[in-house]
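Enquirer: If you want the building blocks of each chain, they are given just below.
There are 4 protein chains.
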Amino acid sequence: MKNTIGRHIICTIFGESHGRAIGVTLDGLPAGIRIDEEWMRLRLEQRKAKGRISTQRHESDQPIIVSGLFEGYTTGTPLTILMENKAQHSQDYEKTKDRLRPSHADYTADMKYLGFQDYRGGGHFSGRITAPLVAAGAIAQQILKANGIELGTHIRKCHGIEDIAFAQAETQLEEQLQQLATADFPVLDEQRGKQMKQMIEEVAAQGDSVGGILESAVIHMPAGLGEPFFDSMESIIAHYLYSIPAVKGVSFGLGFDFATRLGSEANDAILCENGRVMTRTNHNGGINGGITNGMPLVINTCIKPTPSIYKEQDTIHKTTHEAQKLTIQGRHDPAIIHRARVVVDSVLALAILDLYMERSAVLALQNHRKEEKV
Amino acid sequence: MKNTIGRHIICTIFGESHGRAIGVTLDGLPAGIRIDEEWMRLRLEQRKAKGRISTQRHESDQPIIVSGLFEGYTTGTPLTILMENKAQHSQDYEKTKDRLRPSHADYTADMKYLGFQDYRGGGHFSGRITAPLVAAGAIAQQILKANGIELGTHIRKCHGIEDIAFAQAETQLEEQLQQLATADFPVLDEQRGKQMKQMIEEVAAQGDSVGGILESAVIHMPAGLGEPFFDSMESIIAHYLYSIPAVKGVSFGLGFDFATRLGSEANDAILCENGRVMTRTNHNGGINGGITNGMPLVINTCIKPTPSIYKEQDTIHKTTHEAQKLTIQGRHDPAIIHRARVVVDSVLALAILDLYMERSAVLALQNHRKEEKV
Amino acid sequence: MKNTIGRHIICTIFGESHGRAIGVTLDGLPAGIRIDEEWMRLRLEQRKAKGRISTQRHESDQPIIVSGLFEGYTTGTPLTILMENKAQHSQDYEKTKDRLRPSHADYTADMKYLGFQDYRGGGHFSGRITAPLVAAGAIAQQILKANGIELGTHIRKCHGIEDIAFAQAETQLEEQLQQLATADFPVLDEQRGKQMKQMIEEVAAQGDSVGGILESAVIHMPAGLGEPFFDSMESIIAHYLYSIPAVKGVSFGLGFDFATRLGSEANDAILCENGRVMTRTNHNGGINGGITNGMPLVINTCIKPTPSIYKEQDTIHKTTHEAQKLTIQGRHDPAIIHRARVVVDSVLALAILDLYMERSAVLALQNHRKEEKV
Amino acid sequence: MKNTIGRHIICTIFGESHGRAIGVTLDGLPAGIRIDEEWMRLRLEQRKAKGRISTQRHESDQPIIVSGLFEGYTTGTPLTILMENKAQHSQDYEKTKDRLRPSHADYTADMKYLGFQDYRGGGHFSGRITAPLVAAGAIAQQILKANGIELGTHIRKCHGIEDIAFAQAETQLEEQLQQLATADFPVLDEQRGKQMKQMIEEVAAQGDSVGGILESAVIHMPAGLGEPFFDSMESIIAHYLYSIPAVKGVSFGLGFDFATRLGSEANDAILCENGRVMTRTNHNGGINGGITNGMPLVINTCIKPTPSIYKEQDTIHKTTHEAQKLTIQGRHDPAIIHRARVVVDSVLALAILDLYMERSAVLALQNHRKEEKV
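Chains as they are written, first to last, in the working numbering: chain A, 222 to 595; chain B, 222 to 595; chain C, 222 to 595; chain D, 222 to 595.
Worth flagging that the hints you see were computed from the coordinates, not collected in a lab.
All figures in this text were calculated on a predicted structure; none of them were measured in a lab.
Incorrect hints may appear among the rest.
Any copy will do: because identical chains look the same in the list, a pair fits if it lies in one copy or spans two.
[To be verified] Below 25 angstroms or equal to it, Euclidean Cα-Cα: the simulated DMTMM-like pairs (lysine to aspartate or glutamate) are:
#	residue 1	residue 2
1	594	315
2	366	405
3	539	411
4	532	494
5	532	478
6	318	486
7	539	305
8	415	494
9	594	292
10	418	305
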């Protein structure tokens, strides 16, 4: 559905980088949820560009809730959040607007919208449109939390430098998620984080950019969410994650490493501890047959290097198709992986909340087990 | 939408492994498409278990088209295909039905359906349900072909043994797709294929199983398909691919390798050759900003090893939750990657056809470029 | 979504009047529902043609459940019901197939499907496709009943002859619904029913046909179902009802009579009796602001006269467009209103069940009132 | 989908009567459509309250387009329109906020949103939310017009006073639609219009209100739009129309009058004039079998009297449920039928545009007739 997603929490985003405002509408929220706007602002803060490892465009990103909130609680009707654009430098784009930026959406937008798209600052394709997504995700994440479900994301890998992986043990994993919640640069091992930042600065100094891999975990998931085929947990989560610009890989549990495992090395033995069914390992990332098994969800998301680099590149003129040299102007991020973390959290929260509600709709009618059937 | 997917070609699958019949309905097909039932049967044949590297359950998989076809052409009304189940050995499942099979959907199905699911042969979770998907995909693929779009898939990697990658040059890629179309064991390098088969037999002899990676390519894609955010090409394609049981990773272009590239090594320079806009490399797998750029789509799909292994495993009893040893009975595949290839092709065809129609709906109203605007 | 409807219970119908089989798939059913196949057959029996007031085509309409049912209970996976076509007289249509039948779908089907549609017996447009809908509705109605919601429909008016209206008092209304449940010709006043049947026979003798108005009631509806705008109760119910061929009018409560009332005559005073909030009158048919208020839903559905009459009519040749006289052959109903009753019940049940589940999804997260908020 | 509707043009409305702003997002618009903002303002003007026959709340309703428009043309990305609320008198609602207004959404909103809804001015249930719908409809109507399709609506009946019906002859109908386009009080016979206005003033003087019937026509419709069952033209159009608050009846062609016609009086004879297939009469309102036949669509919509009357009414206290007398305060419309006209036009335009695009998606793949098949 284009710029709209969700079956229960219907999320619509709108806006252009240099337009009047960007925003998001959440339709289908339950009524009576207290919105912690302070925490929403913290999340937006974590998405913001900071220091030398980010773009020098600094937007205030003040979320204005124009509907759906009354006396601090959701009303149950559509909640719309606006953010005004203020720090545009549209002239940065004037000079090079006829040269297609490699690996950007310039050419594809032009083929899709036939030249009518707003090209300034990437228009609707700008990473800036993820700010309203973060505001929306902050609401979804609060609702999940109130129902016991928590999630978080760290940089697992950034151009060769690896952070440690999430812990298998759930209590340790809980602590790691808490640590990440307030981290500005989201890594589990501070030392590796420093190395990453230093590397990014070096790459930035060369006018280049880097990508990386984000590892996410969701804990205290109820078992039984998701569908056997088209709306498998993996299908829905991947759908949401791939809507983040720059994501080029999504995997679950061992992911692509499954290709080199034997079945006997890949299967997760099942056991019951203190009355709780669980698996000894969690190679399947908490999902079997498309449905949650109650173990933590473990998801890897690969972010490609930002295509806005300052090095000279080969391209063509938009309409004449003549070969051109391009040196990109403007303010750009040498890395977005640390900023993307909160966007990943946000779409994950939206996806899981939707699936949670989906299951609630069925459970309301499905209220006894086979053993009790009459 | 559970077991239903698609906005234009609405595909619904149904059936259980040991039930009366399995099937699929395609709603929204254009009228007047000649259906090549022979080719549908060839595709089903390619999905079938064969030799020592597959299960010994042999179903005829004869597709019966019960509606939507008249005098050899689609009518434009829902087309339903049925396949009767015949070679069930339900008793194979009786003995172990109370022991949860590790990394299967036994436990999750039980949590979702509260014990009412048909457990025989995996029920609705059986890989067998992919047979109707292949029949449906065969129709979608024929429609794409009539519109110039072709696609194919090979085993890129199987437990350590790698096939060569798809060619960059489009003419060579075309030939490779043609070669794959009739291949029973889908590899580009026959020698590697033999090694894979031998390895699978060895693994099978040990009662174990393997997974692998499938590489798919789609050629002659028009530019401009897909949406900037929630219905990006990647989102839609991943959604469809992840509905295939056993898929645990999906990536586009360089995929997870983007994590170690610099922007300057990841960007695809743009050029114009013989009036056609293209890129020098295709690291982005034919997609920028969620939208096709006219280059071949390149997609990698990781299939985990089949969880049905004959080695003894640790598990618990379904209701008492007591620890148990399990040795799986019945007829199972030591590898499904060669059979999964045609399923991947099928859902890819369904996904792309849907996006193709989506674009047609807009293009019908959007019929001039900005330069010509009045 | 073409031949697919529903967000929670996704219902897909397929088949042609003279094809191999017709059928329906329900995806999204809760698991563990005992299906009363006997009652499903009773409902199909009530839809069947009988006596001189109906067509002489007699199909057995035996429903075959091919999936989604295991040991008498729903599995929670797609439930598909097939009905084979047996009593076709395709030759009846050969003679006149090139003459467009007035007020039939011949011309519009031809414009939509470009001549590829199966024309025999009306093809997919046949009223026969409503038989699977009735089977599906019988399941939905059973689930509603288990949750306390009951519904029924009677012929309020048939070509000038009026039945008494549903009672205002709920206990009396309950009795009326029970009476209708087993009635073959659904009227509240037997005497009026006899007059209607006699009138239909007279009209049939003249080769003509009649339509009428069906009045439906749904009782014990929980308050709070439906949405303020696009998915108002009225929107969703009308959407389902208008999918029944021959329906040309749908209204709620006083319906079109609201046009002549003053606000003071149209408003329903609110009172509280024995702790239950209710309205003194029910002019609004149980819905305010698109949302149920707990009073019975009251819905009127107008069915046009069947267009298959034996009188000579003016029309044109399908391809040459020359003027032609047409005298329709074959076996046709002089009235379908008595048969349509059970179809109306069926789609009502499907609509309400969907809205019921929609509400459950939200209620699961929305579990305290404003007064209790913290 | 709650406050979101459409498959191609996805329309989401948001806002509360006394909140910060109300608005609408249209996602899926084609790029390159010149938006006539002047005409949008004219349409909003026609929806506005005027004179003694309307409420005395006067909002400027200035539409602010915050995204999706660039240099006067649609960009193809989501177009969001905001309208700020300025003329609220929230205190009017304070006094009576605990008394449930009869036939309003007070009680149902309370049951649905558990008391968290914004009650001021009806909150999200306010007729005011139809202003953004009109802005959205103005865009859809412009696109339809550019494709030759025109539509309009007049007051067919207002509390006993009837306007003449739309003409059968298409050229005359065209003129009538043109006349209505600029009419402030939409009737075909000025004299009847004067009588209606006088009657409304009299009713207003008594503190009462009236409803009525709107007749709409859509001309130059292509044949072949709509689906045989669930997405019949009637289903989709009724779904949109019933999302307008106060609509309680929707019918097509002869509507409920079909109940008293014989088939021979109801069928439309088919003829071919100057190469164009048409029907002698248009009893079916341009739709057969759920699909357009190329004749004008004729639709009747019944609007109930506005429930906000100044006469004393019986009701109960919101929480204590004690019986109460209520005399409504504030500024209210004694009739909304003249204002509703432009809302009906708007949702009709949105519905038809969606169906038009749906057909385009299929036609793109369906490009030859049966006679030409190979």
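Enquirer: Would you mind marking each hint as holding or not holding in the structure?
Expert: Taking the hints in turn, this is what the structure says about them:
1. 594 x 315: between (70 angstroms within a copy, 20 angstroms between copies)
2. 366 x 405: within (21 angstroms within a copy, 50 angstroms between copies)
3. 539 x 411: Answer is neither; intra-copy 45 angstroms and inter-copy 43 angstroms both fail.
4. 532 x 494: between (56 angstroms within a copy, 24 angstroms between copies)
5. 532 x 478: between (34 angstroms within a copy, 21 angstroms between copies)
6. 318 x 486: Cα proximity of residue 318 and residue 486: across copies only (23 angstroms, versus 53 angstroms in one copy).
7. 539 x 305: neither (30 angstroms within a copy, 39 angstroms between copies)
8. 415 x 494: neither (39 angstroms within a copy, 45 angstroms between copies)
9. 594 x 292: between (46 angstroms within a copy, 11 angstroms between copies)
10. 418 x 305: So residue 418 and residue 305 fail the 25 angstroms test inside a copy (30 angstroms) and across (44 angstroms) alike.
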